[in-house]
Amino acid sequence: MREVMATIDSWSAEVPAVALATVVGTAGSTPRPPGARLAVAPDGRMVGSVSGGCLEADVVEEALRTLNGEAPARVLHYGIADELGWSVGLACGGEVDVFVQRLEWSGPDPAVAALREAVRAERAVAWCTLLEGPAVATSALVTEDGLVGDPRPFGDPAELTAAVQRRLRSGLSGVERLAAGSVFVQPLVPAPRLVIVGAVDTGSVLSELAKSIGYQVTVIDPRERFCTRERFPSADQLLLEWPDRGLARVALGPRDAAVCLAHDPKFDDPTLLTLIAGRVGYIGAVGSRQTQASRRERLLAAGATAADLDRIHGPVGLDLGAATPAEMALSILAELVAVRYGRSGGALSSTAGAA
Numbered sequence: 000m001r002e003v004m005a006t007i008d009s010w011s012a013e014v015p016a017v018a019l020a021t022v023v024g025t026a027g028s029t030p031r032p033p034g035a036r037l038a039v040a041p042d043g044r045m046v047g048s049v050s051g052g053c054l055e056a057d058v059v060e061e062a063l064r065t066l067n068g069e070a071p072a073r074v075l076h077y078g079i080a081d082e083l084g085w086s087v088g089l090a091c092g093g094e095v096d097v098f099v100q101r102l103e104w105s106g107p108d109p110a111v112a113a114l115r116e117a118v119r120a121e122r123a124v125a126w127c128t129l130l131e132g133p134a135v136a137t138s139a140l141v142t143e144d145g146l147v148g149d150p151r152p153f154g155d156p157a158e159l160t161a162a163v164q165r166r167l168r169s170g171l172s173g174v175e176r177l178a179a180g181s182v183f184v185q186p187l188v189p190a191p192r193l194v195i196v197g198a199v200d201t202g203s204v205l206s207e208l209a210k211s212i213g214y215q216v217t218v219i220d221p222r223e224r225f226c227t228r229e230r231f232p233s234a235d236q237l238l239l240e241w242p243d244r245g246l247a248r249v250a251l252g253p254r255d256a257a258v259c260l261a262h263d264p265k266f267d268d269p270t271l272l273t274l275i276a277g278r279v280g281y282i283g284a285v286g287s288r289q290t291q292a293s294r295r296e297r298l299l300a301a302g303a304t305a306a307d308l309d310r311i312h313g314p315v316g317l318d319l320g321a322a323t324p325a326e327m328a329l330s331i332l333a334e335l336v337a338v339r340y341g342r343s344g345g346a347l348s349s350t351a352g353a354a
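Residues in the sequence shown are numbered from 0 upward in steps of one, following numbering that gives the first Met the number 0.
Calculated directly from the structure, the hints in this document are not laboratory data. Misleading hints may appear alongside valid ones.
Stated by the list, open to error - Computed beta-carbon distance windows for the label pairs: (1) Arg176 x Lys265: 29 to 35 angstroms; (2) Glu223 x Glu296: 28 to 34 angstroms; (3) Pro150 x Arg64: 26 to 32 angstroms; (4) Ala112 x Gly344: 22 to 28 angstroms; (5) Pro109 x Gly320: 51 to 57 angstroms; (6) Ala276 x Arg64: 31 to 37 angstroms; (7) Ala5 x Ala346: 44 to 50 angstroms.
Remember, it's a predicted structure, so these values are computed and weren't measured experimentally. Here a beta-carbon is modelled for each residue, glycine too, at the ideal position from N, C-alpha and C.
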């Protein structure tokens, strides 16, 4: 959602209001999870997706009707597509509910104003929207300082706060059934961060790929010849520092990742010792199995424990047969994503799941 809202914000000088469609419920196999959003401007500009393609045309049409005042804010339900007719639906056999509404991004609503500021400042907040009742589409923003907006349509503030806290802990968007009605709660958390230690060719491609899936990228390398904007045009931050000093300037948590690509003990060892002492969620390091074994001996001698070293993914990446820097970057990012979602990284054709 944050990327969609950031794009809406970039339109705000020309587009004061947009049609916003949000996936608020799913059943069975569906292309997009709850919280997926599609925004449509009056001039036809679009950002985001609610289905990956099969529902988009119908959702855009219905959302624009809402934007133009021809239809109210409401939940659209889509089921299985009728292969012999003209009904709109999901070929994958699932069901999805999409809430469409008009959003006055540049209007006076204090909740929307606070959302604008949260998007710009990348603060962790939760966006809450009523899906039914006389106050349908009323929204509020819950921040660390409390609720912004009119709390009355949501009923008991303590009940809403408890629901928001559950969602923030899980990081998952979803419908909360409150006494006042169904409320869709969507956590907005800062983009996860990827730190690349070692400004090598693989890192340059990895930076581009990671940015494309929403990571903030920091590159750390003390070598001025390598750590340049020309080599890393997409990186958010370049730090000309030794790894341990550079990492001290970057706050990393369980949603974040770090990859050591230097393949040099004077870079690798301080990097990995610093990372295993912290809370970063994913640690990767390049090198052959022999390199990993030698590195493990050095790190154990430096005071690391076996449990610490088990957190390191090395050799980093999935077994794709990667040979070029671009292929290696793809392999690394694929493993990072698999770990992020608790998956094995195997072929979908060989896994059990929804039909």
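Does the hinted range 26 to 32 angstroms hold for proline 150 and arginine 64 at CB?
-> holds, 30 angstroms
Using the beta carbons of alanine 112 and glycine 344, state whether their distance is inside 22 to 28 angstroms or not.
-> Because 42 angstroms falls outside the window, the suggested range is violated.
Distance restraint hint 44 to 50 angstroms, applied to the beta-carbon atoms of alanine 5 and alanine 346 | violated, 34 angstroms
If you check the beta carbons of proline 109 and glycine 320, does the distance land in 51 to 57 angstroms?
-> holds, 54 angstroms
Do the Cβ positions of arginine 176 and lysine 265 conform to the proposed distance bound of 29 to 35 angstroms?
-> Violated, since arginine 176 and lysine 265 (Cβ atoms, about 57 angstroms apart) do not stay within the stated range.
Quick one: are glutamate 223 and glutamate 296 within 28 to 34 angstroms, going by C-beta?
-> holds, 32 angstroms
Could you see if the CB distance from alanine 276 to arginine 64 stays within 31 to 37 angstroms?
-> For arginine 64 against alanine 276, whose Cβ atoms are near 55 angstroms apart, the range 31 to 37 angstroms is violated.
In summary, the numbered hints that this structure violates are 1, 4, 6 and 7.
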